[in-house]
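Construct the complete structure from the given sequences, taking the supplied hints into account.
One-letter residues, chain by chain:
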Amino acid sequence: MALSRKDLLGLRGVSAAEIAEILNTADLMKVILSSNSKKTPHLQGRTILTVFYENSTRTRLSFELASKYMGAVAANMSASGSSVAKGESLVDTARTLDRMASDVLILRHPMTGAPNLMAKHVRASVINAGDGTNEHPTQALLDMFTMKEKLGGISGLNVAIVGDVSHSRVARSNLWGLTTMGAKVTFAGPPTFLPPELAAAGCRVTECVDDAVREADVVMGLRIQLERQEKGLFPSVREYHKLFGLTPERMALAKKGALVMHPGPMNRGVEISSILADGDQSVIDEQVTNGVAVRMALLFLLTRHNG
Amino acid sequence: MKTLIKNGTLVTPEGLRKDDILLSEGKIEKIGKDIADGGVEEVFDASELLVSPGLIDLHCHLREPGYEYKENIASGTRAAAHGGFTSVCCMANTKPVNDTAAVTEFILSKARREGVVRVYPLGAATKGLKGAELSEMGELKEAGVVAISDDGKSVVNAGRMRLVLCYAKHFGLPVVNHPEDPDLVGDGVMNEGYWSTVLGMPGATRVAEESIIARDCMLAELEGAHLHVAHVSTAGGAEIVRQFKKRGARITAETTPHYLYASDAWVAGSSGEAAPDLDVYDTSTRVNPPLRTEADSAALIEALKDGTIDCIATDHAPHHLDDKNVEFAQAASGISGFETALGVSWTALVLPGHMTPEQLLQKMTRDPAKIFSLPGGVLEVGQPADVILIDPRAEWVVDVADFLSKGKNCPFRGRKLTGKVLATWVGGNCVYKQKENAQER
Ligand SMILES: [Zn+2]
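In order, the protein sequence lines correspond to chains A and B.
Okay, so the first sequence: first residue is 1 according to my numbering, each after it adds one.
Okay, so the second sequence: first residue is 1001 according to my numbering, each after it adds one.
Errors might be hidden in some of the hints.
Stretches of chain A that chain B covers, calculated by requiring three or more beta carbons in the stretch to come under 8 Å of a beta carbon on chain B [unchecked claim]: (1) 106 to 116; (2) 129 to 136; (3) 189 to 198; (4) 258 to 269.
Bear in mind the hints are in silico, worked out from the structure with no lab data behind them.
Ideal placement from N, C-alpha and C gives every residue a C-beta, glycine not left out.
Dropping the structure here:
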């Protein structure tokens, strides 16, 4: 099977069947990843470019390894944030890369909607590797893959997502993906980190982390950008950890065997305490491995569409 | 040159009436039944059509001098005529800024030589729109500005705004402020609310607009100056204007066709029924202030009806394709508005029965003329022959390729509108006439 879409720009509007197809394919990819010889010919002859206007070593590496394990030609292009404002327009850059016979363009960009703009102007498939404060669909797919692997399924799960929801693309992609797959999502954090009218998008919203964590099957911490303190979004790291951080005491309110997740990189002792991050319930390391499997699956399915 | 328009339905403040109208020597010479066509060069049969005073726009951007690649006086005034406007007031945020008499004179002389409709410049409130030193309003007035505005940005400093109002009052000039608190807007690029949350976009709260409207109303009341509130986009903004008008402050206000008809859902690509969907994050929906909610549109319509909002202005803001074919947050704000203003307003107001044709046209002719004390706006013998023909039943689909404006930035493209301008006369000269073959129903 293949996906019926050219691009993956976000999980909003992606059907349950498509998500299931990606997660099922990722199962196979994980088997390959776990073997001694990680080479498959699935992407032989394909060219995959990572185009990052914003640094993210781990996401880029994950995509590059996924491409290489499957035999693709992988290359990368970086552009600093300031060149966005001054240099060549995104549309021109996209067209140039497209003419270099690339099959997939993987875009990380500081502005919401940039992958949509790029996708409109290229033949290649575009994968959103994080746009502004909007979405990071492959992160949510790997989160869902991990939940499915550890808990047997997604439908009916209570998932608590805690932290800077306003600025988190991980939060939004998980909201769309998880609710489509039948999970219940609760967001929690200080009010300065919760966007307006979020509950109308089909989730629960609370300013009380204890409430969110209680009876949860999965508790996900979100990275806090420490610069937000200067902008007045929270007064201090100390208070943040005390009132909104994930701690073993709080985690005790969750269901027995609940998973602790985090998209990384972590601020230990701020949004999550080390004891929890390194504890039995943590699947944070596994998320990283699963990220490669999910990206392999997605690249395979999208390039099959390209035929 | 004499032009006779026969059997039209004339739009007058007293209502509609069927009459002939004779334009001669730049003036309206005669209105009445069965005017003889002796010595008349052109006769129009306007049965089935409305004959209205030309539309008057208090708020547009002609972009000349400085940004001629976006628009110039020649293209902008032709676009205005295409949309039925016979007088337009252009904002001072040109390059150089219209903060000196020399720039005002340049605009007026260009308009005389290359323009086809009447152009009335606004002068800057502060030098270079920097919000600091007052502009030379006295000289600007002598050179011909009709009002004062730093539009494009707010005069942020309240003390400075007070001085602007106080000084402009001395010259009898209305002050137009673009209400926007930049700190509250922050990185916001669309209305803060459900859709900004769903789309993952930095939102701009309505309070950024409303707090400045409230502040300006208080300062205008304090100074006894005439404040004209630009492009009201929120229910709360309209309510503040309503309260201050009740208290007797000298406040007038405008809104634009797009705030009456479009909402922030359009940024998500869901632009209502009977229209092709826009792309999600389509930059043609980026405008400042941002498109708000359907509830705001409804409140603005009420405010127009009860007179809280005095008139409809276009905020015609043409941009080059290169300024829009970029990431949403990078895109220039604004809609090229002249050529859809009447159709959008008609479709939003007259079609659903919120207003009669004559009520709507009053908001686009006589009422704006009064606010800036401009000539025209009524069909009366002796008035300038600024007249338009409107087909009130014409249904048409917006095609930006037909725009005479250089700015093709328009979220209404592909949309079916009702109400179309068929011809425009300025001072008795026909400056726009629809091609016969284009007249499809
Ligand atoms: Zn403005």
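Going through the hints against the structure:
1. Note: the stretch 106 to 116 of chain A has 6 residues with beta-carbon separation from chain B under 8 Å; the three-residue rule is met and the coverage holds.
2. A stretch counts as covered by a chain when three or more of its residues have a beta carbon under 8 Å from one of that chain; for the stretch 129 to 136 of chain A and chain B the count is 5, and the coverage holds.
3. Check result for the stretch 189 to 198 of chain A against chain B: holds, 4 residues qualifying (beta carbon to beta carbon below 8 Å, three or more required).
4. Interface restraint, the stretch 258 to 269 of chain A with chain B: violated (0 residues with C-beta to C-beta distance below 8 Å; minimum three).
The earlier numbered hint that this structure contradicts is number 4, and it is the only one.
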